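Engineer: Two chains, two frames, some hints: make the complex.
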Amino acid sequence: MHFVKKVPTTEQEKAAKEKEHAKRSAQFLHARDRIIAKRDAGEYDDELLSLTQAILEKNADIYTFWNIRRTAIEQRIEANELIQKNPEIGEDEKLKSGQKLENLLAGELFLSYECIKSNPKSYSAWYQRAWVLQRQAAPDFAKELALCEKALQMDCRNFHCWDHRRIVARLANRTEEQELEFSNKLIDENFSNYSAWHYRSIALKNIHRDAQTGETRIDDSLIGSELQKVKNAFYMDAEDQSAWTYTRWLLEVGSGKEFLRPESAAPIELISASFHGNNTTLVFSRAVTVPFLLTFVDTKDTTRWRAFSSTSPHPTSSRVWQYLSDSPLRVVISSPNAENVEWSDLKEIYVNRRRLETIYDVVETPEPGYIQELLQDCHQLIELEPKNKWPLYMKTLVLMEYQPIKAHDEIITNLRTLSDSLDSKRSELYKSLLSRQKLNHSIREQFERLLGNEHDQLVVRYAELTSLEGVEYLAGLVGNADFQGNLLKEIHRIVLPNLHSLTISENPIESLSPSPSLSHLTFLSIAGTQISTVQSVMPFFQTTPSLDRLLFAETPLVEKTEELRAQLPGVRLIPHWL
Amino acid sequence: MDEKLPESVDVVVLGTGLPEAILASACARAGLSVLHLDRNEYYGSDWSSFTMTMIHEVEENKVPKLSEEEVSKLSAHLSESEKLVELGNREIIENIQRTWIPRESDDVPMKEKLEKMGQMRRFSIDLVPKILVSKGNMVQTLCDSQVSHYAEFKLVNRQLCPTQDKNSENPKILLNPVPCSKGEIFQSNVLSILEKRALMKFITFCTQWSTKPTEEGRELLGEYSDRPFSEFLAQMGVTETLQSFIINTIGILQPNPTAMSGMLASCEFMDSVGHFGPSPFLFPLYGCGELSQCFCRLAAVFGSLYCLGRPVQAMVKENDRITAIIANNERINCRHVVMSPRFVPEDVPIQNVQKIERVVFATDKSIKEVEKEHLTLLNLASLRPNSTISRLIEIGFEACTAPKGHFLVHATGTQGDEKSVESLAEQIFEESQVSPYWKMSFTANSMKFDPEGAELGSNVVVAPPVDANIHYSSVIEECRKLFCSTWPDLDFLPRAIKNEEDDSEEKEASESSETA
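Line by line, the protein sequences are chains A and B.
When you line the first sequence up against the working numbering, it's residues 1 to 578, in that order.
When you line the second sequence up against the working numbering, it's residues 1 to 516, in that order.
Bear in mind the hints are in silico, worked out from the structure with no lab data behind them.
For clarity, every value in this text was computed on a predicted model and none was experimentally measured.
Certain hints may be false.
Unchecked claim - Pairs of lysine to aspartate or glutamate, EDC-like flavour, derived with a Cα cap of 16 Å:
(1) B:201 <-> A:240
(2) A:231 <-> B:184
(3) A:100 <-> A:81
(4) A:431 <-> A:385
(5) A:229 <-> B:369
(6) B:65 <-> B:431
(7) A:185 <-> B:184
(8) B:439 <-> B:59
(9) B:201 <-> A:469
The shape of chain B in the complex, shown without the other chains (with noise of 0.2 Å):
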């Protein structure tokens, strides 16, 4: 903790999230000296995951604002021509609250149970649970880079879709798992014959479409291609059950699609059928803060300096340029500066943010009980329509993200004039004759600031902010434009030498995942 910190680096990286891992990843590997700071103890920022007994710590990053006294004492560290930029702690993650729900049917509350037990530190709670896309690219860069390594996945492997009776007045909300591959689609007893034939249509189709050309596509799909998915599928002959199931489910990777989008992400779902498995889906076993440390494991093995608990003050700026970060009162001279939203100084704009609103329940028996415990992914976007992202993922012991026989069911909304997500998960709670005995709801902010904005320095990138997607395309790419716009002539991840031994890392990661 009070080792000295190296006077000057190539770039210092603020925040321990998942996007400014990557880049210090990218960053070290591509032969640049980099320091990683964080305020926190702990790893991966707001992307983090913690254990019962650790979720307090989200609410501790407060940090107070300089006094005077302190302003004038790192004024010391700098030149005349330099100027001090105090840096920011914005609340990404706000309007925290935790409660254990008492319950009738516990004799012990739970709580005492589990700590009784030894059990509150089996929990991994994500504050941005996602799934990985098998081929996406996320996945190729974890394989490319060899960060699969230092992970272990299983397979999201039940894929539900609410349908309800419209004629009913208090409709019950039924949860239909949904086959995804030929196995599943033959076995299913959710279908019809006639639903199963049309499936089965549907994806040879998408077979038959991915292969041409974008333009060509579009050709295909004709006067649909800019009209809602649901109007495509419906002139293919496809019932109103099997659209909700397509566009909601196998579609599920573009919320409110058209023809063209929706072709398109059916079409990625479906090309990353049997990749790993029957599912397309992976999710990090612990938690999708793994995967944060992962990178910045590859990071550290390739010189990044790591330093965790680290007051970090303030940026020196010369003209447009930072030229130094404060940090436990120590100056480090850097020619790059990449931070988290977090660290952004009060002072700069926000372009715009998304509000995200994030309920996370532990429950002890699953939304929709079977034999066999399941990953499962639950896109509730038909029963909100006018919002963007709506979903449910219900992961536990599987994934080593609660004790056995508990689950983690995390919602995930964007916020609309609907019913809210956390209000639709309980509904379904209730129906399902589940009752959570913990809850902790959260909104968690999504910040973009203007990138030509001059407030923050030309040498500053920031990494992209937590996002609701359900995957990690889009921060995989961002991160990837940034680097390459900073560093135009360094490689972004580039795939990794291969050793004699360490046959292909595509073995690996379907190693880990036969474990599903």
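Isolated chain A (complex conformation) (with noise of 0.2 Å):
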């Protein structure tokens, strides 16, 4: 249990325990060989219901016991069911029959809660309770959910109880608006209960789902009124992070989308489709698996694919996929839901320019009065409270989501102030956020001129990359990347595989990883890495059979030049600057 201090024991008393728990034992070993006997001979008598009660009153934690007690009431329940059906039996024979096993289920209840009581946390026990309601003839939920209730203000976040209790509202066909009156209750007794706002979320999606789609609209209203209960916990104590996190998940089902993952809740869409001479690539809104991807193209051929990701060598579902062909396929450009079938073969690149636009924030969507109240009461926040990061983390997160142009250099100067003094043992995700926002940032500025068909070069250095996620969505339209500069670790996260040269100079990385993205590269410059040994890179260049040209100047390598050449006999290697 929370709050629950723990007083030392002294010697004396370990003593005492001791003995008494040498004599306890000895019981339980006895009682429970009698137990594993009986039921190895198949006798679900009363004497195994009580010989195993009697245990389970001590320690409600040995699920075989309860498995061995659901066994038998599982026999009576047959047995009742037979005599029920049996039209020889008289009817007193019957409702004797069925009351014998409704009080044993009800037994099963007074056990069960015994059990609880001294162990409000035992999985059994609350297991043994939510399957004796579901066979009791009229199980009293009423009363049911008074002791969930009873146990859940004892203990907030007894999550036994939490989960017992989402099992009776079901059974007992609670409406979500009960359930969504029974989280105000807790949360109004004490806000910061982070189960409580939980659940009240779940409830509100479930109010707020439409019939046909399934999927959970909640309006800028109700929004808005949400955030004005959850703004006085946060006022209240703006350390408290349950309010907080209540928060983000309102703006994120506000927006419909998850913050920062811009494509997670809009339909698949294709975002790019491009013939690169030995492939065709098709880059999509989301991982897609092949059977799906060949609903979009003018080929059944399953073996040809080849797919990419960051975390596996060979993924089976990815956002960028290769066709492998010396022509074209024909592919379907226009949006799932049209009336006609549009095709394209491919002569020029396919961009999904609009999609593309919202995936990097090209255009600012305006933000719902909500949103500028939230930012004015973080703003406010901050002033009082300098110290405090959540309303400067919510500040930065809400502006990431809704101004990133416009708020551009002041989300960098607070991710940097979280990580570098606010919340710096944190400061991996801050950087991480710094990262993912100026390559975005980047990307935009060069956006026009990638989506134009003269270019195919990405630049984006010096800017503290730690993560090129994010960058898959333009594997059709890059060729040339440079990301010089940056604290990027590992060359075989980057997803371009039609990249012919990469520039990837001064970042921290020790060594190269086999990356089947990579294997178009004719151009590799790791100038300025801190790769020293041969061993670390060869694995990589048997993937990079094209290349041509290798710049590793001012890195330990330098010095094994004859050795790496005898690795790398066509490949031209530059081990100073020009």
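Structural biologist: Structure (structure tokens):
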């Protein structure tokens, strides 16, 4: 249990305890052997019930014994059913048998109640209750809900009880509105209750679910009123993270997507399709599998597809796919629900411009009124509590979502403040947000040029990038990438399979892992990295057959030039700046 | 009534008011033989509660002075060296006025209606209404001594703080429910979001401050420690409204506070929040008069003998000691006499007297009506800044002090040169469209006598008088001091020996308040 202090025991108490323990374990072993013997003999009789009961009363966590009890009870349930069905047995007898069974089930509730009283976190005891309730003729749900409430009063974070309550609420056909009201009650009592806020979010989602599509739609006015409520909590205790987490959930559900994951809720769309001489590259807004992508193309062939991902060398589901062939595929470029299917033979690159613009926030969407209010609230709290990370973090997230262009400088400053002083324990988190902001910022600047047919070069230099996540949407457009002077550590996380030229100079890279995504490289610069041995790069070069120039100036590898030359005979090695 | 009283006891206690009852129970508990006498037929003396049918009795406890004939008759009980000291019957409660107020809206007068429905006895009209602080010394004593077993309590679950619009010419009194616990603050719609924040900060400050030793606490307050509490709060950035809430509600235990005393009072308040429920205060069911009876019951359990409605006439004095008292023409020898101020002989000079203005109204609508009935405490100090005490307590059916749908509103004020609490109460009634149908007003005299004065006798203990304080802390503390100085080798209401079956007193108390 939470909030309960441990009291140290004295030596004397310890000795007494040990003695008691020895005695009890002898008793336990005896009873256990008896129970197991009876079970093996199939004797699921009253004695077995009372034996298991006696032990469970002392230790509710022995799920085997609960299991035995359930078997015993199930046998009696079956026996009762036979009696009820038998026309030769009189009504009195039937009534009696039914009553006996109900008494047994009620007794089971009583036993599990006693167990929960002494051990409120016993999985088995809670499970037994739910199991019994589903077998009783007329379970008393009101009483059960009251029991849950009492248990939650004692420990509002007892997830066993929360789970049980969910089951009871479902069995009792409680409406989502009633459950919402229940969350209100708990939050009103004490808003520092993450479980209650979470329960509330689930209830709200279910209440506002579209009957046909199953999608949750929560309108701005509800988001606004929920924010008013949760605002009380974060103003009263700005350190309380349950309120902030709920706020974030609200904003996400309000915007219809997960924060900083622009593609998370919208339907899957084709982002780009392009032919690159030996392959057709398809990029989707979300990870897709071969059967799905076959609906976009004029081939049934499933063998010549290759997927690329930053986390797996041979993914089966991915956003980026290549079809290996010397001629372009024909591709469906109309939106999924358009009336007429429109095909492209990829004489020129197909780009879903509208979708790419949303992904990289090329155009800022106007923020709803509640967002403006929240920004003001955060601003006020930042002034009142300059040392508290939460309002600054929340404000920064909102700015990244709604004003990534206008507030670029502020976002960068805030993330630095968070990572350097306010919350340095989570500095990596803020650094990755910073990296994302800078990457997107840079992509926005080059957006028109990249979408034009003239250039395939992406340049993001000295931008503190720790990750290139998100760059894969450009897989069909970028052939030449320059990420010089960033904080990238691993080359294999770059998902740009059409790259022929890559500069990752001055990044803290120590070795090169093999990367199927970079197999078309002809030029690679690893100058100024920390790569020091030939062994640490050779596995990679085995996957880059087309490589003809390698720049590795200012690396410890320079001293191994001869060794490297022996390994890479056809490659022009450039150990020094020209 | 006519059974003979014992000839000799250790202690005779005169009057069954709360302080006398506490002292009687402490004596009995400590093993002394106690005879507890009261001239009235009812328990509680000037601390009692009355039903509407009995309330007239409060005016009827006049005792004529002993005639010369009676004096000579009583003198027969004396030995040569002894002399007779006539006991007083001081006017503790005076200027009593009771009226049924006719109302246009009543087709049948309320009195008739209540009588017809047999509801008159459902009232419990306190002479001295107070609240108990959940973690205060009174509750502690009640629990320790197990007197709490004889009573039930409800939470005083609404604290109202009045505010007035300063710019308006005839400002209305707004009654604002003040949130006290985290949950209440969260739900409050009286405070702005920044005020909620400031209040939480203040509460957090209290929690930290209360763990500091006194001197360090004083240092933390710096130059403000002896300046008004409001100045200290203002420099913390607390708005004026919230200052008023904090000073008058959270700091209610200390009238006219300095930063130091205000902080101490606030900490005491906050410490009690959450002990039995969200409110820090309890109120005894059936009224405060119950408490006197409960202590008497404990005394009786430990052998104290009770005689009510007994004419208590005089004391017998030898040199500077009282050797006996004479009641109902019987002489009872005793080692000590405990008496309420009412019994102090008329010739003993009063050291000082505080006049307490008391008015009780009976209404059939709450001063601030909401769905649920509340026990309400309303500090009027901000409307009478020059007086020490000004407050209303509204209690009704929930506290078993009035029939369903009815309330008693107790106004208590120390006298000052300002508007009376009565007129403030009436203004509040008018503005919230409440028309009381019954009213009783009186003055309670909080009399103090020089404890060193030779007139009384060295073995006489005068119990503390009725007082205007909101809580019982001073009563219980004074009783403890008196007891400990009179019987230095005895314990004052020590912790009861626990029985196996009744787990803990605290549990008992919390269970009874759970009904709140």
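Engineer: A separate judgement is required for each hint: does it hold in the structure or not?
Structural biologist: Status of each hint after checking the structure:
Pair hint residue 201 of chain B plus residue 240 of chain A holds up; C-alpha atoms about 14 Å apart against a cutoff of 16 Å. Restraint check for residue 231 of chain A and residue 184 of chain B: satisfied, since their Cα atoms lie roughly 15 Å apart, inside the 16 Å limit. Between residue 100 of chain A and residue 81 of chain A, the direct Cα distance comes to roughly 12 Å. Compliance with the 16 Å bound is thereby established for this hinted pair. Of the supplied pair hints, the one linking residue 431 of chain A and residue 385 of chain A is violated, its CA atoms being roughly 23 Å apart against a limit of 16 Å.
Our distance criterion of 16 Å between C-alpha atoms is broken by residue 229 of chain A and residue 369 of chain B, whose separation comes to about 25 Å. Among the hinted pairs, residue 65 of chain B with residue 431 of chain B is inconsistent with the structure: their alpha-carbon atoms are about 47 Å apart, more than 16 Å. Only pairs whose Cα atoms come within 16 Å are accepted, and residue 185 of chain A paired with residue 184 of chain B is accepted, the gap being roughly 12 Å. Proximity of residue 439 of chain B to residue 59 of chain B is assessed by CA-CA distance (about 15 Å); at most 16 Å being required, the pair is judged to hold.
For the suggested pair residue 201 of chain B and residue 469 of chain A, the alpha carbons sit about 42 Å apart, so the restraint of at most 16 Å is broken.
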